[in-house]
Amino acid sequence: AQSVTQPDIHITVSEGASLELRCNYSYGATPYLFWYVQSPGQGLQLLLKYFSGDTLVQGIKGFEAEFKRSQSSFNLRKPSVHWSDAAEYFCAVGAHNYGQNFVFGPGTRLSVLP
Amino acid sequence: EPEVTQTPSHQVTQMGQEVILRCVPISNHLYFYWYRQILGQKVEFLVSFYNNEISEKSEIFDDQFSVERPDGSNFTLKIRSTKLEDSAMYFCASRPDRTTLNEQYFGPGTRLTVT
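Those sequence lines, one after another, are chains A and B. Quick note on my numbering: the first sequence kicks off at 1 and runs consecutively. Quick note on my numbering: the second sequence kicks off at 1 and runs consecutively.
Just so you know, these hints were derived from the structure itself, not from any lab. Hints are supplied without guarantee of correctness; some may be wrong.
Under 7 Å between C-beta atoms, here's a sample of chain A residues computed to sit facing chain B [what the hints assert, rightly or not]:
# : residue
1 : Gly43
2 : Leu48
3 : Lys49
4 : Val57
5 : Phe104
6 : Pro106
7 : Gly107
Small disclaimer: the values here were computed from a predicted structure and weren't measured. By construction, the Cβ of each residue, glycine as well, lies at the ideal position given by its N, Cα and C atoms.
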């Protein structure tokens, strides 16, 4: 069964600084990988996804993520963080069955200092 | 842009009562999901639904839970006799179809509080 870990529970960065959120997965096949963001009181918004092909994927809001099979990782990055990026970030693996139900990581809460 | 909607945004109920959480998936989507997020914990898969039947379900989705698509637009999650531990945020999601790879679109969630 697939699993996802996000080693950092809470990260604080200054506005304008770079950001990297870590995600490691366990899955027997090539994973379908996603990053979602959840602002307080809001639902889950897709930032980016990886199914196959180019291992560096671009998403919305200036985010990107790199799939590294050798490290079983799919880390999320942003070169310059904005105060509005403060939120909870979830990495997810999609199953290869028809349902493609997600297994989510525990999330990383991002705080941004002015 | 089309979106998944959920009602109510917050539901308070007493232990042992039945609750129905409602979702309207994106209109041309065919695959539907319920997830829950207990406060401070990760989002967990409950059930997926396709072609008017359950496609997959997790061990969390026991006999107390049921899902239904009563008409062409709504997708509901019923909890027959709520327990304190059912308090959580419940998210509905939908996906366009069964055969292609694509993301799930999530609704804003319903916060269920069981007292």
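Legend entry - Status of the proline 106(A) interface restraint (C-beta, 7 Å, chain B): holds, 4 Å
Inset, instruction - Closer than 7 Å between Cβ atoms is the bar; does phenylalanine 104(A) clear it against chain B? Give me holds or violated. - result: holds, 4 Å
Legend entry - Interface hint for leucine 48(A), Cβ within 7 Å of any Cβ on chain B: It is violated, given that the least Cβ distance between leucine 48(A) and chain B is near 9 Å, above 7 Å.
Inset, instruction - Against chain B, run the beta carbon of lysine 49(A) and see if the smallest gap drops under 7 Å. - result: holds, 5 Å
Inset, instruction - Classify the hint on glycine 43(A) as holds or violated, based on whether any CB of chain B lies nearer than 7 Å to its CB. - result: Where the cut-off is 7 Å and the nearest Cβ of chain B is about 4 Å from glycine 43(A), the hint holds.
Legend entry - Evaluation of the interface hint that places valine 57(A) against chain B, nearest CB under 7 Å: violated, 12 Å
Legend entry - Given hint glycine 107(A) near chain B, where the shortest CB pair must fall under 7 Å: holds, 6 Å
Going through the hint list in order, the structure does not satisfy hints 2 and 4.
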